[in-house]
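Mind docking chains B, C and D on chain A? Use the hints.
Protein chains in written order, with the numbering used here: chain A, 132 to 264; chain B, 132 to 264; chain C, 132 to 264; chain D, 132 to 264.
Rather than coming from a laboratory, the hints here were simulated on the basis of the structure. Some clues are possibly wrong.
[Claimed, not checked] Derived DEER-like restraints, expressed as beta-carbon distance ranges: (1) GLU257/D / LEU213/B: 33 to 41 Å; (2) ARG215/B / ARG199/A: 24 to 32 Å; (3) ARG229/A / ALA250/D: 31 to 39 Å; (4) ALA227/A / ARG256/C: 55 to 63 Å; (5) SER136/A / THR134/B: 35 to 43 Å.
All C-beta atoms, glycine included, are put in the ideal place defined by N, C-alpha and C.
Protein chains: 4
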Amino acid sequence: MFTTSILVRFGDLDGAGIAFYPNLVRFVNEAFEDFFAGHVGRPFHEIHGSGIGFPTVKLEMEFLSPVRYGDTVEIKVAVEHLGRSALRLRYEGAVAGRPVFLARNTTAAVDMKAFKPVALPDWLRERLELARG
Amino acid sequence: MFTTSILVRFGDLDGAGIAFYPNLVRFVNEAFEDFFAGHVGRPFHEIHGSGIGFPTVKLEMEFLSPVRYGDTVEIKVAVEHLGRSALRLRYEGAVAGRPVFLARNTTAAVDMKAFKPVALPDWLRERLELARG
Amino acid sequence: MFTTSILVRFGDLDGAGIAFYPNLVRFVNEAFEDFFAGHVGRPFHEIHGSGIGFPTVKLEMEFLSPVRYGDTVEIKVAVEHLGRSALRLRYEGAVAGRPVFLARNTTAAVDMKAFKPVALPDWLRERLELARG
Amino acid sequence: MFTTSILVRFGDLDGAGIAFYPNLVRFVNEAFEDFFAGHVGRPFHEIHGSGIGFPTVKLEMEFLSPVRYGDTVEIKVAVEHLGRSALRLRYEGAVAGRPVFLARNTTAAVDMKAFKPVALPDWLRERLELARG
Numbered sequence: 132m133f134t135t136s137i138l139v140r141f142g143d144l145d146g147a148g149i150a151f152y153p154n155l156v157r158f159v160n161e162a163f164e165d166f167f168a169g170h171v172g173r174p175f176h177e178i179h180g181s182g183i184g185f186p187t188v189k190l191e192m193e194f195l196s197p198v199r200y201g202d203t204v205e206i207k208v209a210v211e212h213l214g215r216s217a218l219r220l221r222y223e224g225a226v227a228g229r230p231v232f233l234a235r236n237t238t239a240a241v242d243m244k245a246f247k248p249v250a251l252p253d254w255l256r257e258r259l260e261l262a263r264g
Numbered sequence: 132m133f134t135t136s137i138l139v140r141f142g143d144l145d146g147a148g149i150a151f152y153p154n155l156v157r158f159v160n161e162a163f164e165d166f167f168a169g170h171v172g173r174p175f176h177e178i179h180g181s182g183i184g185f186p187t188v189k190l191e192m193e194f195l196s197p198v199r200y201g202d203t204v205e206i207k208v209a210v211e212h213l214g215r216s217a218l219r220l221r222y223e224g225a226v227a228g229r230p231v232f233l234a235r236n237t238t239a240a241v242d243m244k245a246f247k248p249v250a251l252p253d254w255l256r257e258r259l260e261l262a263r264g
Numbered sequence: 132m133f134t135t136s137i138l139v140r141f142g143d144l145d146g147a148g149i150a151f152y153p154n155l156v157r158f159v160n161e162a163f164e165d166f167f168a169g170h171v172g173r174p175f176h177e178i179h180g181s182g183i184g185f186p187t188v189k190l191e192m193e194f195l196s197p198v199r200y201g202d203t204v205e206i207k208v209a210v211e212h213l214g215r216s217a218l219r220l221r222y223e224g225a226v227a228g229r230p231v232f233l234a235r236n237t238t239a240a241v242d243m244k245a246f247k248p249v250a251l252p253d254w255l256r257e258r259l260e261l262a263r264g
Numbered sequence: 132m133f134t135t136s137i138l139v140r141f142g143d144l145d146g147a148g149i150a151f152y153p154n155l156v157r158f159v160n161e162a163f164e165d166f167f168a169g170h171v172g173r174p175f176h177e178i179h180g181s182g183i184g185f186p187t188v189k190l191e192m193e194f195l196s197p198v199r200y201g202d203t204v205e206i207k208v209a210v211e212h213l214g215r216s217a218l219r220l221r222y223e224g225a226v227a228g229r230p231v232f233l234a235r236n237t238t239a240a241v242d243m244k245a246f247k248p249v250a251l252p253d254w255l256r257e258r259l260e261l262a263r264g
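Only chain A is shown next, with the shape it has when bound in the complex:
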């Protein structure tokens, strides 16, 4: 299973002194990018440059425990569902072993000019299959 780490920065906090939850959503997207570079084997900006994008269709996210300044959030990424163009990934965030969030993000491969779904390319599907979990 692919894992990445993100450090909580000063500007990630909110008025309550904990990580602002929209910033934790941003962490999920950064984990998605790291998953492409680290597991899929092609950085997301190259894929995006080829005209395919992955807009988020649905996000479900539970915030289990506060995330604080200086924490390193370890995020496990797994593919839960794989359709023709749609895919759903699960992101489990933890700080020093303590679960802090659980997110499910449904996205779809989209032709960014027409903003229409396209089939996942075979080479990508193969890489995604290997990250099932």
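Showing chains B, C and D alone in chain A's frame:
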């Protein structure tokens, strides 16, 4: 039903030229703040100053249509569920009548020092009841 | 002189409980956008859509007093210098009359495809001249 | 001289498809944090936890070349000036050897309760002296 409007700024976009979805999550939180100032009748920063916070426990959000630069997102806010300390709000975002997102955010009144749930104060519960929808 | 107002949001704060200074830089850019919509008379996204951009070349900013949650920052915008393609704007931020920042931003009209400076269009130069201060 | 690296993320871009300049200002602050953890030898969140903060007083920043998606910005950090409580740091950002920004940030050690300047602690001054450049 309470409604607020948020303008999509240059910095809200992402590499695909549409609103970055974590920024739309931030819009949901800004609508929550506007709901407190505009419907509840007390700005959120006053409530927060009194030691009560509303950390998000769960977020479910569907992204229905791309949001673009210069769009004004009109967000309808309604209270869907009201517990002892928990509350769930629904946020319907639209651009010129076209639905762009639907979000449900579950939060709870929390004593920010102990980070423990507390009962919603009566005056707040009354205001929230009036926003059922 | 053109003036706009921006409300300090929960997510604009940092770990010190005051507005995170890069977010105040973002406020300067939002004031630039409001200046285009409100004074120049054409929203910035339309100008940008026409292929001209205004990347920031230089920023000088003094932070005079802390900006807090719930503050409304009133920002006065004035044109200080106008070249063939370059322009420098001054932004004076205040909260309830108390100065909180002073920024000078030098930008230039740029053809966004070639990323080369272009002359400011006449209609825009005329509008900018009227905002000298 | 201390150097750190920051990867440009999808959400760091703006409507022009290059890094939004307030996000590059955020990079400067992240380099400041990395300088504390990596050179000073104490993570900034520990220092902040002790009641001392470093609010930015003045920022001067030149944007020399566009920063794009997927770029890794290498940032060199040097201490330019060291007063009783004030310090000015220089940040030189480059992508693959190409300079992209030059920033000077003046800050001061501040007692975060009183929001008044305090003398830099001796142990910190010694570490900062070693980063002169």
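Consistency of beta-carbon spacing, ARG256/C to ALA227/A, with hint 55 to 63 Å = With Cβ atoms ~58 Å apart, the hint holds.
Take a look at whether the Cβ-Cβ distance between ARG215/B and ARG199/A falls inside 24 to 32 Å.
-> Because 27 Å falls inside the window, the suggested range holds.
Has the hinted range 33 to 41 Å been met by the Cβ atoms of GLU257/D and LEU213/B?
-> 57 Å, violated
ARG229/A versus ALA250/D beta-carbon gap, inside 31 to 39 Å or not | 38 Å, holds
Look at the Cβ atoms of SER136/A and THR134/B and judge whether their distance stays inside 35 to 43 Å.
-> For THR134/B against SER136/A, whose Cβ atoms are near 40 Å apart, the range 35 to 43 Å holds.
In terms of the numbered hints stated before, the structure departs from hint 1 and from no other.
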